[in-house]
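Visitor: My request is simple: use the sequences and hints to build the entire structure.
So the sequence lines, in the order shown, correspond to chains A and B. Everything in the first sequence is counted per this note's numbering, starting at 1 for the first residue and increasing by one. Everything in the second sequence is counted per this note's numbering, starting at 1001 for the first residue and increasing by one.
For the record, the hints were derived by calculation from the structure and aren't laboratory data. Possibly wrong hints are sitting among the right ones.
[Stated by the list, open to error] Straight-line C-alpha distance at most 25 angstroms; calculated DMTMM-like pairs for lysine to aspartate or glutamate:
#1 K124(A) x E1244(B)
#2 K194(A) x E1400(B)
#3 K1050(B) x E184(A)
#4 K1371(B) x E1400(B)
[What the hints assert, rightly or not] Computed beta-carbon distance windows for the label pairs:
#5 T154(A) x L1466(B): 53 to 59 angstroms
#6 V1276(B) x P158(A): 20 to 26 angstroms
#7 R1251(B) x P158(A): 40 to 46 angstroms
Virtual Cβ for every residue (Gly too), placed ideally from N, Cα, C.
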Amino acid sequence: MSAEVIQVVGSGVPLLLDDIDTDRIIPARFLRCVTFDGIGQYAFEDDRQQDPSHPFNQPEYKNGKVLIAGRNFGCGSSREHAPQSLMRWGIAAIVAESFAEIFFGNCTSLGVPAVAAKRADLEKLNAAVKADPTAEVVVDLKAMTASIGDVKATIEMPASARESLTTGQWDFLAQLLSNVPAIEATADRLPYVKSFAG
Amino acid sequence: MNKNLFNKVWDNHTVGQLSSGQTQLFIGLHLIHEVTSPQAFAMLRERNLKVLHPERTFATVDHIVPTLSQARPFKDLLAEEMMSAIEKNCKDFGITLMDLNDKRQGVVHIVGPEQGLTQPGMTIACGDSHTSTHGAFGTISFGIGTSQVAYVLATQTLAMSRPKVRKVEVNGALGRGVFAKDVTLHIIRKLGVQGGVGYAYEYAGDTFARMTMEERMTVCNMSIEGGARCGYINPDQTTVQYLEGRPFVPRGRDFATAAEWWLSQASDQNAHYDDVVKFDATTIAPTVTWGITPGQAIGIDEVIPTLDSYPSDERTVVAEALAYMDLKEQQPLEGLKIDVAFIGSCTNGRISDLREAASIVNGHRVAPGVKALVVPGSQLVRQQAEQEGLDEIFKAAGFEWREAGCSMCLAMNPDKLQGREICASSSNRNFKGRQGSPTGRTLLMSPAMVAAAAIKGHATDVRNMLT
Ligand code: SF4
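Guide: The following block contains the structure:
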């Protein structure tokens, strides 16, 4: 059983941009590895090289735990290296306008809540983080809110992901394994597995 | 009966409901490659688990393999370490590996169909987003992350939420010089890069019905670029004929039984859909991306739209794309100089793609200063092309003729753009830095359009080069 994820509390990182793809989160050359250890330091490597003002370059956001992002965050490749690198960088929750599906699923299976908020609210959260980089952002999966001081936003997340995180069942392996007899029964029903299987 | 294929296949593969409300879904075919699998095997070792159905997982190597010389050990020690890891993992866990000395090796999404592993009515998963390619056969096929690769290895199942199904209907004949790639780029351009989030796409209509399996694969391949995790085309006689005789396809009487079941999985006549959109194929021009998302595309006979023509909430990304690409509003792409021409990838690295490109190249020379390469999607594609003499056509024109792999589709092997180079590419992603240089630029287009650009030295309308 994995740990329950109910609240993430920590300072924020303001990255309110749209269509950030996983090649940008972790460029492909850093996928040449057989473990995820050490991958955290390469998060946004190329964007950081090209843009000194990138928030991941700023000392004041270095300890940020809650990433504020825009629309279609994590689109592109299925590489789990993307959320792995963010998580190992120190990001423990992502609040964005929307997520690409595979990225969202990958975050959930790492116990990193990826929650959606309205654009107007994200702009307020982003501004509040910029105004005070040390301020704590609270992402609360019970109340379904993200707040910094007086700025409070409603967040959304599919019920299944929320349920898995808050009950500590986001590591699905044990659950899936407990159903082996039903798995085999399903396989037996499939004609391509049995009757006309080569 | 009013069920679509997606829901038939989903229901057939449902093991049960999980406490989260998700479905535990049986995965009929699991494909793995060297990049997203090592950590999954490590997870199994950590937890002392075995692979539940090693006979339902197949492995090949594609992303990191060099395409110039494939001699081992690789010069890149990190790549070599990944190769050794997949070899050891497949051996230890009893999984078939089609590695470099196996004629069947190639890009995972080319190998599955080529071997007949991909069959209608299946669920297919792979730690790679372009798994959607296999939907061309009437399967539910989607990309997964590494933790999920471990789930499939250990349990042959995944925890999934059922998406909605959108019917994307395209009717009409494609013009000369207009290909499956143009259709998929057109759909993404119109529906947007996140238009498909939450949906599976059923591609329907006479345009797809007329397409070969290879063309259908090109269309389904890029579903993910449109935000849909999977896309499919209903199986028909074209599907059945393509599969007959392939190594993993049943033979004789079993084939007839299989074919009958495959066809029965197709959407019912009055099937229900959550959404329907329609396009007219006769209006589609050769389509090229100008920006940094696959939706930022125009017909080659158009100009880049003005910033104002975009909804206000998209303008930041459009401005960012113009700046990165160093292009202007209302600039045409026709005439834009290129440095590199790349023909290959799981989108367009199949034999029909190479034939189309070769027919444009035949008798011409690559423009001075352009580096042009052809990378077959698999060793079998390469062999077939050589039997047809396509390699000679490409080489005579000044193209490099490479070994099978992902090559310049992404930057994990020695094939990379340098600096600000602009690449006319038959691949699927034009993201910043995608082709290996953090500042490199990509124009996505059909293989025939890439061939035309290589010869002219700039982006150009292939329709003017047809004889
Ligand atoms: S060819 Fe490109 S898109 Fe296809 S699997 Fe390889 S890297 Fe991915």
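Visitor: For every hint, state whether the structure bears it out.
Guide: Hints, verified against the model:
For the suggested pair K124(A) and E1244(B), the alpha carbons sit about 59 angstroms apart, so the restraint of at most 25 angstroms is broken. For the hint pairing K194(A) with E1400(B), the CA-to-CA distance comes to about 45 angstroms; that exceeds 25 angstroms, so the pair is violated. As the CA atoms of K1050(B) and E184(A) are separated by approximately 15 angstroms, the hinted pair is consistent with the 25 angstroms bound. Distance check on the hinted pair: K1371(B) and E1400(B) sit about 8 angstroms apart at the alpha-carbon level, within 25 angstroms; holds.
A C-beta distance of roughly 56 angstroms is found between T154(A) and L1466(B), which places it inside the suggested range of 53 to 59 angstroms. Between V1276(B) and P158(A) the beta carbon distance is about 24 angstroms. The supplied range of 20 to 26 angstroms therefore holds. At roughly 44 angstroms, the beta-carbon separation of R1251(B) and P158(A) lies within the given 40 to 46 angstroms, and the hint holds.
When held up to the earlier numbered hints, the structure conflicts with 1 and 2 and fits the remainder.
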